[in-house]
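Visitor: Sequence:
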Amino acid sequence: MNYEEFIKSKAIKTQTSGFDIDKSELNPLLFEHQKDIVKWALKKGKAAIWSGTGTGKTNMELEFGKQVHKKTNGNILIVAPLAVAHQTVKEGLKFGYDVNICRTQEDVKKGLNITNYEMIEHFEPDKFIAIILDESSILKSFTGKYRTLLTEMFKETHYKLSCTATPSPNDYMELGTQAEFIGVMKRNEMLATFFVHDGGETSKWRLKGHAEDKFWEWIATWAVVFQKPSDLDYSDEGFELPELRIHEIVVPSPKDPYCLIPKIAQTLQERRQARKDSLEKRVAKVAEIANASNEQFVIWCDLNIESEALKKTINGAVEVKGSDKTEHKINASNDFVNGDVRAIISKPSIYGFGLNWQHCNKMIFTGLSDSYEQYYQAIRRIWRFGQKKDVDVYIVTSEAEGAVKANVERKEKDSERLISEMVKHTQKILTAEVRGTTKETIEYYATEIMKLPEWLREAV
4 MNYEEFIKSK AIKTQTSGFD IDKSELNPLL FEHQKDIVKW ALKKGKAAIW
54 SGTGTGKTNM ELEFGKQVHK KTNGNILIVA PLAVAHQTVK EGLKFGYDVN
104 ICRTQEDVKK GLNITNYEMI EHFEPDKFIA IILDESSILK SFTGKYRTLL
154 TEMFKETHYK LSCTATPSPN DYMELGTQAE FIGVMKRNEM LATFFVHDGG
204 ETSKWRLKGH AEDKFWEWIA TWAVVFQKPS DLDYSDEGFE LPELRIHEIV
254 VPSPKDPYCL IPKIAQTLQE RRQARKDSLE KRVAKVAEIA NASNEQFVIW
304 CDLNIESEAL KKTINGAVEV KGSDKTEHKI NASNDFVNGD VRAIISKPSI
354 YGFGLNWQHC NKMIFTGLSD SYEQYYQAIR RIWRFGQKKD VDVYIVTSEA
404 EGAVKANVER KEKDSERLIS EMVKHTQKIL TAEVRGTTKE TIEYYATEIM
454 KLPEWLREAV
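Heads up: take any position in the sequence shown, counting from 1, add 3, and you land on my numbering.
Rather than coming from a laboratory, the hints here were simulated on the basis of the structure.
Heads up, a few of these hints could be off.
What the hints assert, rightly or not - Cut-off 27 angstroms, straight-line C-alpha distance, at most; resulting in silico cross-link-like pairs (BS3-like, lysine-lysine):
| no. | residue 1 | residue 2 |
| --- | --- | --- |
| 1 | 284 | 328 |
| 2 | 93 | 74 |
| 3 | 279 | 93 |
| 4 | 93 | 231 |
| 5 | 74 | 113 |
| 6 | 365 | 392 |
| 7 | 288 | 408 |
| 8 | 189 | 148 |
| 9 | 26 | 332 |
| 10 | 73 | 26 |
| 11 | 288 | 231 |
| 12 | 431 | 365 |
| 13 | 315 | 279 |
Let the hints inform the model, and build the full structure from the sequences given.
Guide: Right, dumping it as structure tokens:
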């Protein structure tokens, strides 16, 4: 073994644990990029699909599960946000997938099953051959208990798939959570291999300069990363996004008699107080926008007191709170999609992940939180591939909330940079892998007679 071979032997490799399948066996209704990605994921056995909203994650994960069930005759469990589970069943029927909604192990049927994240403790992991996480980035909104539980419960599950549109939009470390769930590397091992502490802050890490390319090469061995089909050299026909128009509206903050200009809230306590102080004016402005037309609106808020006030002032609105019964949350979403509800008022933590609301093109934020991911995901409920109209998003904040807006904008830039880097570094590798490189076989012809060393001949 020469030095070059020695170095190559030290490269981090991800073992495949799946099976080959001919594309002709896959659902003919899938787009070409979807078929190739499913074929790639089935070969890997344990993989992640991080693709832009509207690029077909639901269809890809259902086809993955269907083919695993067909191959093994084992049961499949898909875990999704609450309202998304029912949407998945409905969408699946359009493509010929029969998906069973279940809340406990007793509800499980042969084939494809789906439940929501909050019910995961009611299932027996050894009864499933495959686990699929839908909108897996939602795990950032859950406690460490849920993340650890999912990872430990399905540690020995043979087939795993993690699907989301925004893997770690502003935090590289979240990739470690995904890698650990998939089973390719523990989060701490990933940090030790590719990262260093940044400036002595143990909560902040940055990629080692010399390890950057290797890190993304490693990511590309188990995750598909793309925002649109052309990122992997497919056609974008049918996947063009309409214009997104952001309208920023700032309402006056209460005057401080000792200050000539409004004070910008900095601390968490100051921000909460600023939101309470401007509540009446923000709600009035949101209601003014929503009531100015008969079009449907999605209206986001973060506080129950906000949603209660909005419900009283917006025509044809339905309010959905975290404490509401599951049936109300599901029915409200369905009624909104069917056009029976003009405006739906809720929190991004309830409806902000996974739902397809392209029938609507108007959205209002009644203030902003510091979570860029919730902001991004909330907008993507209506601004996604399949939207036929230009999208209008109104952001109503007070003068004192400038720091929150600046923080979200900073995270947005970080996210765009991260996703750009992910696509750039993994594009070449993934294009070759996903689009189907041919298997290369090198014939070996012996030209010399093998000679055993003296010490080995004596041992024989």
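Visitor: What hint numbers does the structure not satisfy?
Guide: 1, 3, 9, 11 and 12
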